[in-house]
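Engineer: What follows is the residue order along each chain.
Number of protein chains: 2
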Amino acid sequence: MARVYNFSAGPATLPLEVLQEAQAEFVDFKGTGMSLIEASHRGKAYDAVHEEAVANISKLAGLTDDYAVAFMTGGASQQFAQIPMNLLGENDTADHVNTGAWTKKAIAEAKLQRSIKVIADVSKESPLRMPREDEFKVNKDAVYLHLCSNETIAGTQLKKFPKVDVPIVADMSSDMFSRPFDIRQFGAIYAGAQKNMGPAGVTIVIMRKDLAARVSEKVPKIFRYTTHIENNSLYNTPPTFSIYIVMLVTRWIMKNGGLAGIEKMNAAKAAKIYDAIDASSFYRSPVANDSRSFMNITFRLPSEELEAQFVAEAKKLKMDGLKGHRDVGGIRASIYNAFPMEGIDALVQFMTDFEKKNG
Amino acid sequence: MARVYNFSAGPATLPLEVLQEAQAEFVDFKGTGMSLIEASHRGKAYDAVHEEAVANISKLAGLTDDYAVAFMTGGASQQFAQIPMNLLGENDTADHVNTGAWTKKAIAEAKLQRSIKVIADVSKESPLRMPREDEFKVNKDAVYLHLCSNETIAGTQLKKFPKVDVPIVADMSSDMFSRPFDIRQFGAIYAGAQKNMGPAGVTIVIMRKDLAARVSEKVPKIFRYTTHIENNSLYNTPPTFSIYIVMLVTRWIMKNGGLAGIEKMNAAKAAKIYDAIDASSFYRSPVANDSRSFMNITFRLPSEELEAQFVAEAKKLKMDGLKGHRDVGGIRASIYNAFPMEGIDALVQFMTDFEKKNG
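Those sequence lines, one after another, are chains A and B.
-1 is the number that the numbering used here gives to position 1 of the first sequence; each next residue is one higher, with no gaps.
305 is the number that the numbering used here gives to position 307 of the second sequence; each next residue is one higher, with no gaps.
Keep in mind that the hints are not guaranteed to be accurate.
If chains are identical, the list can't say which one is meant, so a pair holds when it fits in one copy or spans any two.
To be verified - Simulated crosslink set (SDA-like; lysine to any residue; CA at most 25 Å straight-line):
{"id": "1", "residue 1": "K109", "residue 2": "F134"}
{"id": "2", "residue 1": "K102", "residue 2": "E215"}
{"id": "3", "residue 1": "K355", "residue 2": "T30"}
{"id": "4", "residue 1": "K109", "residue 2": "L304"}
Source of the hints: derived by calculation from the structure; they are not laboratory data.
Please model the complete structure; the sequences and the hints are all you need to start from.
Structural biologist: This is the structure we're talking about:
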């Protein structure tokens, strides 16, 4: 098989060994005589998968008893609506920070329901950047501060979470489990699995139980975090196959040094590409140095024509998905946890060759 | 491989040829050099899968242009909340029919939001049954009539949908695409895929566009059917792998004679088990003749001890998942579309043998 280097922003590259293991046991799961996708979500075979996924996530995130893990669906987009629906009573408010496309959607969904405040907005700055520590001026009456740790489209990443007096609720869709973090800063973390942790179809939510308990009884039962927490994510049939792959990927992360080990790999991978950009006057990063994402590396070429040519030629060399998001253009190399170093080297070599020919 | 006969109520047996095809192309999807679970939901490879899934569902359901298909998540349980949230304005009402555990949940979620009416309740009748045509007395001001076509736990099935003056909204989770139906009777149909159509993780919704358009602008965007319909279920990242399996299963249904062909197979399978029950004084059906489900066949033995023994001995003979739902006890044989005739024959033979030994 000629495996391509998949730079897609998500769904994205997963560890080859995980794919091979899932393939080997796809029709007959561990001698049960059935596929895992045919297995009851309340049976023994799936139960072991589910419990290991919860245990791995709890361990990686360093959860204490006051936090719970829930497997939900609808991606981060559904969390944008569900967080205020659950955590904010009729007269409650929360603070939001606007850092780009995703936080904008989160703000819009929250505003449909409650009166929230945008305390910082860097979404239109150039170069692109994340807010500085002193820009997080939270209001005393805010139940939480909502932010996005990594803007997938812009290619910006918050390198250090601010010390604030309210719990942080973080959309970590594109960098969860790519680096260590201190769970005690957070009231909640959520992420669609399809970047660093698995396939599309499951959203991982970690939440402080006392925040989940704020929900009003008027909220539909299925939309309450408490429902999913109390039922260990088995209130309704969960997306069993997606959770199974998440289990295998979290197992792979633990085998690769846990979050500290993964961060080291991710930093090394990103550095190679940023170094290539900085060493050239042909390539240009639109992102300020201190806000450069290790996950989604965005850069520009001298013209849109050259960018299109770059994407097309890379594709012939088995480098797929390098086209920037349609809203911003340019090039985007998404290099999540499982993206291999050889693919980074191939891209850097290609960048050098392409500049020589067209620079 | 020793494939078991999987009588689980869902997730459930899928066609072996579908599993084998998915396994073969799991690591390298059609020569793309990546797994489908790694592929962008906006790329060519996944796009072909998505479009065929929509086309197959539209064809099987006989959809005209006034209906749309949407792939959603959260199972039927989420639809219980989302239907009233979208279709009912503040002063609107709808009629519900209570036929068992699932409709009860739908009623509770609807009541949290709107003032709806329960126009018929057969949930506590014995023998268990579905309402007769004359019991569906809909109110003139009802926006829709909500019902469940097949109660998975009770083992009851509505054999003929009532002719009423309002559109029917049907929870078809456990019998969608198991038999033909006239779409013009319905305002909406929804079903978690994990019984007759695929794995857990995707909910198939078919809705009349004019009903979807009733939604208020106060409803979070992610929860509006219009959002998903207008974006062809790509507003957020859809559960791509689950939709892929649904595509393969709908292709398999079409190859097997479409809904008419599948219904014939299902009727023949169910008849063998009901005949075995009726021919015996040892086994007893708790369901009235005219309401017997072709999908979930529930029956009782003379004692709970014998029922436990029956389940245990069947398991040794590779017949799995025969234990009735924990809320009602007894035996339940769930025999969805893909459940093979040989499994039915094995069960009937076992029933005969077990009665001889213990009757």
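Engineer: All hints are to be evaluated individually against the structure, with a verdict given for each.
Structural biologist: Each hint tested on the structure:
1. K109 / F134: For K109 and F134, only the intra-copy Cα distance (20 Å) is at most 25 Å; the inter-copy one is 41 Å.
2. K102 / E215: Only across copies: K102 and E215 sit 18 Å apart there, 28 Å inside one copy, limit 25 Å.
3. K355 / T30: neither (57 Å within a copy, 28 Å between copies)
4. K109 / L304: neither (41 Å within a copy, 58 Å between copies)
Hint violations for this structure: numbers 3 and 4, all remaining hints satisfied.
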